[in-house]
Structures are given as structure tokens and as C-alpha cells.
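Each protein sequence line maps, in turn, to chains A and B.
To convert, note that position 144 of the first sequence is 124 in our numbering; the numbers rise steadily by one, no gaps.
Convert by adding 135 to the 1-based position in the second sequence; the result is the number in our numbering.
Some hints could be false.
To be verified - No more than 35 Å apart at the CA atoms, straight line, and that leaves these computed lysine-lysine pairs for DSBU-like:
#1 B:LYS347 - A:LYS95
#2 B:LYS153 - B:LYS371
#3 A:LYS95 - B:LYS153
#4 A:LYS102 - B:LYS315
Hints in this document: simulated from the structure, not taken from any laboratory.
Note that the coordinates shown come from a computational prediction; the quantities given were computed from them, not determined experimentally.
In case you want the letters, here they are:
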Amino acid sequence: MLDLSSMSEHMPAFIDGFIITAEVSIISILGSFLIGLVFALMRVSDNHIFRTISYWYVDLFRNIPFIVLIFFAYYGLPEVGVYIDAFWTGCLTLSVAVGAYAAETIRAGILNVDKGIIEAAKSFGFSKLKIYRKIILPIALTTSVRPLGSVFINLILTTSILSAITLGELTGASKIIASTTFRPFEVYVFLVFFYGILTFALSGVIAIWHRHLNKYNEAN
Amino acid sequence: MIEIDKLCKNFGDLEVLKGIDLTIRPGEVMSILGGSGSGKSTLLRCINGLEEITSGKIIVDGLDVSRKSELREVRKKCSMVFQQFDLYPHLTVSENITLAPISVLDLEKSEAEKKAEELLESVGLTDRSHYYPAQLSGGQKQRVGICRALAMSPDYLLLDEVTSSLDPEMTAEVLDILKKLAGQGITMISVTHEIEFAREISDRIVFLDDGKILNDLPTSEFFDENGGLSDPRIAKFLSKMSGR
Chain A
-19 MLDLSSMSEH MPAFIDGFII TAEVSIISIL GSFLIGLVFA LMRVSDNHIF RTISYWYVDL
41 FRNIPFIVLI FFAYYGLPEV GVYIDAFWTG CLTLSVAVGA YAAETIRAGI LNVDKGIIEA
101 AKSFGFSKLK IYRKIILPIA LTTSVRPLGS VFINLILTTS ILSAITLGEL TGASKIIAST
161 TFRPFEVYVF LVFFYGILTF ALSGVIAIWH RHLNKYNEAN
Chain B
136 MIEIDKLCKN FGDLEVLKGI DLTIRPGEVM SILGGSGSGK STLLRCINGL EEITSGKIIV
196 DGLDVSRKSE LREVRKKCSM VFQQFDLYPH LTVSENITLA PISVLDLEKS EAEKKAEELL
256 ESVGLTDRSH YYPAQLSGGQ KQRVGICRAL AMSPDYLLLD EVTSSLDPEM TAEVLDILKK
316 LAGQGITMIS VTHEIEFARE ISDRIVFLDD GKILNDLPTS EFFDENGGLS DPRIAKFLSK
376 MSGR
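Make a model of the complete structure from these sequences and hints.
See below:
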């Protein structure tokens, strides 16, 4: 029988886990967006070295299982004297790994910008930086924002793997609660609910951002 | 003054411009005519540095277009209007017009906006300043394109087939504006298929054929039986264009 009331005394533990998951998610979303932006710009730049670095970065991190990456960072790096706690290992690896997907998504948006519009901007003597800031990126993001949303929702779901490096995030906390209460069904119902709060909140933010960026298209 | 000296432009193995020599004096209204693929748009785009020159030289008021350090100054002097309008879709009409004056010429925002208003008024679009390009008709978009170019107070206005994407009614509304401009002393270089328009506004017609200047004459002479029309290639072109 489903007995959710049995979970009430474990609420604080759920909420602690939820807060850690939310923190890791927010930091990693911002981190992966910034990293993705930088590598997307490198990938479309005229500089051969930047393009090559970006190409290898994306290819490398899309081809490593995430759990291998966090094991490497959390258990491997201390061997060579690099110690980072579980929380920041999680944030950094997520940012770097998801940054590769974000880079590809943003790059697709940049390549989608009408060449004529970029030429028009060039013809008026804008600096390259200003063309990117004022013209290319705002237009590119209008098409990239939805797929970026999917990438970031995936990021939230991937935080569950961080329980494997002892981080007491939602999934980790739930596993402990399940093993002490012997009520895995109720525990995982709550777990689904808590992840739902985060992913729905993110979907909402993405929808608002999308509407804001696309107001010129919807103005018709 | 724009001085073009032995200009060549290749796209890979394809030679598009094969040694163009041309001088355009301040205040002149010049039309460049020629068939498809004759190189007329490429010539215009070279003046603004949108195409890299293969060999030869373009000097605009003493500034060398091929030098990166001087190109930006050239672009401040030469504003361009495009066939496909190429307005910034994410910015309002007013922002489209003020962006370059604010970002490139460092004009105060209020000053740029005032100028944009004046320009929009002159093309009959005062009530559209807060619209987005997607909400405008083709003719309106091109009128905004012209305002965007004029907001830079350019010495030279480069017009690249500005009516080719418009239906006849909208073409007329855009050409009317350009006719008014032509009388105001701005140097205009227009690549066009509108023969009558070219004839009406231009002081001078340059006819390109296969990447070379076939004829460079004052307008009245160009359309004279003993002038430009005596060349069978030009006569054929004109009869084809007016027979459309």
C-alpha cells in the first residue's frame, strides 16, 4: 500500500538533497552555457587553432560516459595531487561535459543566421565583437534556446549520477532513505516529484526566455 | 572621390571582374547596368570591402579598401542598401536605424533616435518605428533599409538591386524616394535592372559586360542611337530589359 505519510519524518533529508541538486544544476547550467558559448564562438572563428581546439573538445566530451568522467575527476585526480570536493567535482564535470552539447547547439544557431544580415552589419563598419554581441548571438539564441532547454533538462537528470561520488543530492539522499525505511516505492515517488519540480521550473524559464527572444517573430 | 584601378576579382577559377578602371566623383549619380553575371553587384560589393579584391586597387577619399585598418573608415563613408533588405530581424525599425550610428559613429542615443524619426518621416513611415521588420511589407522594409543607410550620413550610397525583390507597386514607392535623394547631392552608385529609373536619375551610366566596362557614358549619350545604343550588345540588353 502506498503510504506517503511515512515519508513525512524524512522530508528534511529530501529537502537537503533537493537543495544540493538544485544548486549543482543551477551552477552547472550557467557553467555549461558559458563554456558552450566560448567553444561555439571558437568553432566558428577564422582562427584555425581555435577551431581545432573546439572540435576536439566537443568530440572528446561527447564520447566519454559521464560516470567515467566523474570517477576520473573524483578518484583519479587526487592521485596526481588535485583534490576537489564532491560538490565542485560535480559542478565542474557537468559544466565541462554538458558544455560540449551546449557548444554544438549554440553553433547550430550561429550557422543558421542569415549571411545577408551579417554582411549588412559588416557593411556599416561594426567591429566583429559588436556584430556578434548585437546581431549574431541574439538571433542565434532565438533558434538555440529550445534545444538548449533539452540539453539543460538532461543536465538536471544527469546530476543523479553524482550520488556515485558520495554527493548527498536527491538520488543519493533517496537511496539512503529507502534503505532505512524499506519503503522504496514511496521514496521514489517523492524522488520523481522533486525532479519534476526542477525540470518543470526549468522548462518554464526556457519558455519565458524563448518568448522574450522571439517576440519579433510572434509580433505578426 | 572613389578611384578604382585595374580591379580584378576571382571566385576560385572564375574571373568575375577583369580589370575595372573607374572614377566616381562626389555628387555624381551613377548607375551600373549589365546582364546577370556581368559582375555589377560584385563591383559594388568590392567598394564596400564585402568582397576581397584579387588584384588592383580601390581608393575611397584617399583610403585604401584593401587595408583592414582603413576599411572601417571606408565603410563609415559608404552605406549600402541590399536587394534582400537584410534588416536586423530582432530589432525594431527604430533600432535598426540607430544601431550603427550609436555603435559605429558613437552618436548619443537620443540624437540617433531623433535622426531616425526624421528619416522615417521623410519616407512616410513615422508610425512604424516600433514595428519589427517581419511586420512590414517589402516596400516598407526597403524604405527602412534606405533610412538605415542614410542614418550614417554617408558620402556615398551604394544601392545593390534594391528593387529586385519588390513587386511593381512597391518598386515605385522605393524608386520615388531614391529619385528625391538623387536631387540632394549625395553620391549614388546604383546597380539596377530598372532601366527607366536609371535613365531618369543618373548623370552617368556604366555598362558592364563579362567583367569589363563596355561603356561609360553620360546618361543622355548612353541612350542615344549614336552613343551607347550603337553597340549591339547594349541595344540587345536594353530591348530585352524594356520588353520584360
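Results for each hint:
1. B:LYS347 - A:LYS95: holds, 28 Å
2. B:LYS153 - B:LYS371: holds, 22 Å
3. A:LYS95 - B:LYS153: With a Cα-Cα distance of about 26 Å, the restraint between A:LYS95 and B:LYS153 holds, given a limit of 35 Å.
4. A:LYS102 - B:LYS315: holds, 27 Å
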